[in-house]
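K.L.:
Take the sequences, apply the hints, and build the full model.
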Amino acid sequence: DQQVKQNSPSLSVQEGRISILNCDYTNSMFDYFLWYKKYPAEGPTFLISISSIKDKNEDGRFTVFLNKSAKHLSLHIVPSQPGDSAVYFCAASARYGGSQGNLIFGKGTKLSVKP
Amino acid sequence: DSGVTQTPKHLITATGQRVTLRCSPRSGDLSVYWYQQSLDQGLQFLIQYYNGEERAKGNILERFSAQQFPDLHSELNLSSLELGDSALYFCASSVVGSFNGELFFGEGSRLTVL
Numbered sequence: 423d424q425q426v427k428q429n430s431p432s433l434s435v436q437e438g439r440i441s442i443l444n445c446d447y448t449n450s451m452f453d454y455f456l457w458y459k460k461y462p463a464e465g466p467t468f469l470i471s472i473s474s475i476k477d478k479n480e481d482g483r484f485t486v487f488l489n490k491s492a493k494h495l496s497l498h499i500v501p502s503q504p505g506d507s508a509v510y511f512c513a514a515s516a517r518y519g520g521s522q523g524n525l526i527f528g529k530g531t532k533l534s535v536k537p
Numbered sequence: 552d553s554g555v556t557q558t559p560k561h562l563i564t565a566t567g568q569r570v571t572l573r574c575s576p577r578s579g580d581l582s583v584y585w586y587q588q589s590l591d592q593g594l595q596f597l598i599q600y601y602n603g604e605e606r607a608k609g610n611i612l613e614r615f616s617a618q619q620f621p622d623l624h625s626e627l628n629l630s631s632l633e634l635g636d637s638a639l640y641f642c643a644s645s646v647v648g649s650f651n652g653e654l655f656f657g658e659g660s661r662l663t664v665l
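Same order as they appear, the protein sequences are chains A and B.
My numbering puts the first residue of the first sequence at 423, with every later residue one more than the last.
My numbering puts the first residue of the second sequence at 552, with every later residue one more than the last.
Mixed in with the good hints there might be a few duds.
Derived CB-CB ranges, DEER-like [claimed, not checked]:
| no. | chain 1 | residue 1 | chain 2 | residue 2 | range |
| --- | --- | --- | --- | --- | --- |
| 1 | A | Arg439 | B | Asp591 | 21 to 29 Å |
| 2 | A | Pro504 | B | Leu634 | 34 to 42 Å |
| 3 | B | Asp591 | A | Thr467 | 15 to 23 Å |
Derived from the structure by calculation, the hints contain no laboratory data.
Yeah, the Cβ is synthetic: ideal placement off N, Cα and C, and Gly gets one too.
P.N.:
Now the structure itself:
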């Protein structure tokens, strides 16, 4: 049973436009959410995070929105650049739950930004 | 460069064999995590060690085991290998024991079981 779901395996966007990557979760114990970016032949790298006490967190071109009632989060990239082309993983953690806070990842969304 | 080193980068072996994957965490990080990424799958959490002690266990098979040594490097042992064990195995590290921030991932070890 997938606790973190990224229902779009791929997304293609024109350079300069907005990229919106979506993520849904089922476990109401999750209280911390992260996005990781992964280039081919590299390990995932941390991009941005949000705590469940917030509904928005911004870092430059990247903004993460959290809708707790819908158990949904999204990553917005504005403007999108060709260098943003990568696989994006959504991850969640229940920091104070019995899982000791290990990260649960979605399957990823492959973003392609076309020049 | 995340500072996490994994060896080997690639490994090809046969069914029934045993392999060991090695991970050196970032300098100063006490916690090591192992993840498995199979084809078309997300990263599946296997196991976490903190300062030499097992801290959390995920979907790790009984054929798999891990340990963290006094110098904080970690090894993941995979035995009685099956075709389905072919995957990318990532090691990650973090400063604290309980997750409260980002993980730093190595480049992964790609295991192919023939």
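K.L.:
Run through the hints listed earlier and report the numbers of any the structure violates, in increasing order.
P.N.:
Structure breaks no hint.
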